[in-house]
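> Could you put together the complete structure from these sequences and hints?
Residue numbers (our numbering), protein chains in the order written: chain C, 1 to 248; chain F, 1001 to 1053.
Computed, partial: chain C to chain F, Cβ under 7 Å: (1) Val17; (2) Gln184; (3) Val185; (4) Cys211; (5) Ala217.
Quick list of simulated restraints, FRET-style, between CB atoms: (6) Phe215(C) - Ile1021(F): 30 to 38 Å; (7) Thr1041(F) - Thr74(C): 41 to 49 Å; (8) Val29(C) - Val1008(F): 21 to 29 Å; (9) Arg1016(F) - Thr113(C): 40 to 48 Å; (10) Ile1021(F) - Ala85(C): 46 to 54 Å.
Distance condition first, Cα-Cα at most 20 Å in a straight line; then the derived SDA-like pairs of lysine to any residue: (11) Lys214(C) - Ser1045(F); (12) Lys247(C) - Gly60(C); (13) Lys181(C) - Ser1045(F); (14) Lys214(C) - Ala151(C); (15) Lys214(C) - Gln36(C); (16) Lys181(C) - Pro1046(F); (17) Lys214(C) - Pro1046(F); (18) Lys242(C) - Thr228(C); (19) Lys214(C) - Asp1044(F); (20) Lys214(C) - Asp1040(F); (21) Lys181(C) - Gly1051(F); (22) Lys181(C) - Asp1044(F); (23) Lys181(C) - Val196(C); (24) Lys214(C) - Gly1051(F); (25) Lys181(C) - Ala194(C); (26) Lys214(C) - Ile1043(F).
Think of the hints as simulated: they come from the structure by calculation, not from any bench.
Even for Gly, the Cβ is constructed at its ideal location relative to N, Cα and C.
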Amino acid sequence: MTETPRATRRRTSVVGVLGEILITAGVVVLLFIVWQQWFNDIVVANTTRSEASTLSRELGRQTPDPVQSGAPATSTSPPVGRAPANGAKFAVLYVPRFGSTYQVPIAGGTDTTQTLNTGAAGHYDSTQMPGAVGNVAIAGHRTTHGAPFAAIADLRVGDHFYVQTADGYYTYTFRNLEYVKPTQVQVLQVVPDAPVVSTASRDRLITLTSCNPKFSAAERIIAFGSFTSWQPLSAGAPGEIKSIVTKG
Amino acid sequence: MYSALWRVLPGPWWLRVVILIALAAAVVYALVTWAFPYVDTFIDSPNVTVGSS
Chain C
1 MTETPRATRR RTSVVGVLGE ILITAGVVVL LFIVWQQWFN DIVVANTTRS EASTLSRELG
61 RQTPDPVQSG APATSTSPPV GRAPANGAKF AVLYVPRFGS TYQVPIAGGT DTTQTLNTGA
121 AGHYDSTQMP GAVGNVAIAG HRTTHGAPFA AIADLRVGDH FYVQTADGYY TYTFRNLEYV
181 KPTQVQVLQV VPDAPVVSTA SRDRLITLTS CNPKFSAAER IIAFGSFTSW QPLSAGAPGE
241 IKSIVTKG
Chain F
1001 MYSALWRVLP GPWWLRVVIL IALAAAVVYA LVTWAFPYVD TFIDSPNVTV GSS
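Listed below in structure tokens is the structure:
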């Protein structure tokens, strides 16, 4: 139909146009949700992965600069790096349970816009550095913004966390999950959940925090792991993550 | 609104459909590239840290 006679043409009504605008707005909002919850996650996760593999190569070129010197580091008494500046990516986290190609950068501090919303994991600057006696606490999104900790609830006892810094590979073994209120900062303590804040500890622990339930901020899901071993970068990546490191 | 858009488009119906699909694709591209990332900065994501931050 090329030339519709004017008389039969439907009159444009205000309500009609308003309806079309509202329907369009509804479709745009639905598109946004698809973008935010699914599409953008994949895009950010991919960017983060390539960032992590670039960082992994860079770490290999950096000169190790651990805090303590003297006794040579051993697999059970690892070197401890210096605390990074806020937002500075200083380590790469590998968790085979989170995917066969999973790797994500860890930045200093848990700033939302600077660190967490870029898809990276954030190191609580009030906690210890990898390898140190005490607790290495790391936060990451469980949904949206790349969702680095999307599969945190799938961890099984014995799963490994690998943290690569300029000082080497630190292997931690997953121990247990815990669900806490957002105010329960005790999970970050040197001795997590100890009733009295204690600095006396001989354990080297790692703590991952994310939101719980998914899409909510009502609670936090916490994953604890304990230190297993350390090896220098020159020794190559641990077997379980060798393919990820060399491929990247 | 959309009926007016349909009328101002040139050509036979199939060409108009092609133009409309191209237009829709351009709009979606603009939304995903600029609008959605901008809007996202105003939306709080679920907090993942314990403590005040």
